[in-house]
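Take the given structure of chain X and dock chain Y to it, following the hints.
Protein sequences, first through last, are from chains X and Y.
If you use the working numbering, the first sequence corresponds to residues 389 to 497, in order.
If you use the working numbering, the second sequence corresponds to residues 435 to 544, in order.
Hints in this document: simulated from the structure, not taken from any laboratory.
Be aware that one or more of the hints could be misleading.
Said to hold, decoys possible - Listed next, the in silico DSS-like pairs over lysine-lysine satisfying Cα-Cα at most 25 Å (straight line):
#1 Lys491(Y) x Lys390(X)
#2 Lys487(Y) x Lys452(Y)
#3 Lys505(Y) x Lys491(Y)
#4 Lys496(X) x Lys467(X)
#5 Lys504(Y) x Lys437(Y)
#6 Lys489(Y) x Lys437(Y)
#7 Lys433(X) x Lys505(Y)
#8 Lys430(X) x Lys447(Y)
#9 Lys487(Y) x Lys505(Y)
#10 Lys433(X) x Lys437(Y)
#11 Lys491(Y) x Lys504(Y)
#12 Lys505(Y) x Lys489(Y)
#13 Lys487(Y) x Lys437(Y)
#14 Lys452(Y) x Lys505(Y)
#15 Lys487(Y) x Lys504(Y)
#16 Lys433(X) x Lys491(Y)
#17 Lys452(Y) x Lys504(Y)
#18 Lys437(Y) x Lys430(X)
Stated by the list, open to error - Some chain X residues judged to face chain Y by a derived CB distance under 10 Å, without partners named:
#19 Tyr424
#20 Met484
#21 Gly489
A virtual CB, placed ideally from N, CA and C, is assigned to each residue, including glycine.
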Amino acid sequence: RKEVEQDPGPFNVPEGATVAFNCTYSNSASQSFFWYRQDCRKEPKLLMSVYSSGNEDGRFTAQLNRASQYISLLIRDSKLSDSATYLCVVIPPGNMLTFGGGTRLMVKP
Amino acid sequence: DVKVTQSSRYLVKRTGEKVFLECVQDMDHENMFWYRQDPGLGLRLIYFSYDVKMKEKGDIPEGYSVSREKKERFSLILESASTNQTSMYLCASSPDYGYTFGSGTRLTVV
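Bound-form chain X, shown alone (with noise of 0.2 Å):
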C-alpha cells in the first residue's frame, strides 16, 4: 500500500461549483499535513497546510480526519485557474516529505 493515495481524476467540473478530494494515509502517527498545487509543467507551490482543526483560506478549507486517516480539499465557486493538479504531502514521524500522486483538476466554462 502507498504511504498516500489520491485518486488521479481528472476531475471535470464547470465554473462555480464545489469540488472536494481526498488523500488517504497510512501511517496514523503522521503529524503534519499539507496541499501542494502544480500548474502543467511547473513546479509544485505550497497551497496550505491542514490544521488539526480545519482551517480556510478563502473559496479553500482543507480538514483532517485522523481516526480515518485521511485529509481532504474542498474548492468553492471553482475558476477557470483553479486548474491544476493538487499534491496531498504528508510528513510521517522522523521522515521526509511524502508527496501523494496527485489530484487533476479540469474547470471547465
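Same frame as chain X, now just chain Y:
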C-alpha cells in the same frame, strides 16, 4: 521570495553519459532536496542534504549521487545515464517544511 534555480529546463543525454543537474538557492536554507516526478508515481525523493558536505539517501538513490560543496548549491549526478532515468527532476529548498521548488529539469536519456 525564495528563489530556487535549476540550470537547465530541458536536457537530452545519451545512455552511459555522466549527467550533472545543478540547483542553486538564494535564501541560505540548510535543507535541499532532489526529487524525480513520473506520471502515476508522484514525486519520489532521491537525495537530500541538511548541511554543506552532508548528504542522505532518499527513497530511490540507486544510479544517482549528489554533491553539496557550498550551502547554496546542491548538484545531482547521474553516474551513467540510463533510459529509465528519463524523468522530470525537481530541486527543493527549505528552512523547515515549507518547500520551495525549482522549475524543474526535464531530462530525456536516449
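Q.
Run the distance test for lysine 504(Y) versus lysine 437(Y): straight-line Cα separation, threshold 25 Å.
A. Since the Cα atoms of lysine 504(Y) and lysine 437(Y) sit roughly 16 Å apart, the hinted pair holds (cutoff 25 Å).
Q | Agreement of lysine 430(X) and lysine 447(Y) with the hint, judged by alpha carbon distance not exceeding 25 Å | A | 22 Å, holds
Q.
Would the hint linking lysine 487(Y) and lysine 452(Y) be met if the CA-CA limit is 25 Å?
A. 21 Å, holds
Q: Starting from lysine 433(X), check that the Cα of lysine 437(Y) is at most 25 Å away, please.
A: 12 Å, holds
Q) Can the restraint linking lysine 491(Y) and lysine 504(Y) be considered satisfied, given a maximum Cα separation of 25 Å? A) 19 Å, holds
Q. Does lysine 430(X) lie within 25 Å of lysine 437(Y) when you go C-alpha to C-alpha?
A. Holds - the C-alpha atoms of lysine 430(X) and lysine 437(Y) are around 14 Å apart, at most 25 Å.
Q) Is it true that the CA of lysine 496(X) sits at most 25 Å from the CA of lysine 467(X)? A) 8 Å, holds
(Q) Tell me if the straight-line CA distance from lysine 489(Y) to lysine 437(Y) falls inside 25 Å. (A) 21 Å, holds
Q) Given the hint that lysine 505(Y) pairs with lysine 489(Y), does the C-alpha gap stay at or below 25 Å? A) Judged against 25 Å, a Cα distance of about 12 Å means the pair holds.
Q) Does methionine 484(X) meet its interface restraint, that is, does its C-beta lie within less than 10 Å of any C-beta in chain Y? A) 6 Å, holds
Q) Does lysine 452(Y) pair with lysine 504(Y) here, judged by a C-alpha cut-off of 25 Å? A) At roughly 21 Å apart (the allowed maximum being 25 Å), lysine 504(Y) and lysine 452(Y) satisfy the hint.
Q | Interface restraint verdict for tyrosine 424(X) against chain Y (beta-carbon cut-off 10 Å) | A | Since chain Y brings a Cβ to about 8 Å from tyrosine 424(X), closer than 10 Å, the hint holds.
This entry satisfies every hint, going by the numbered hints stated previously.
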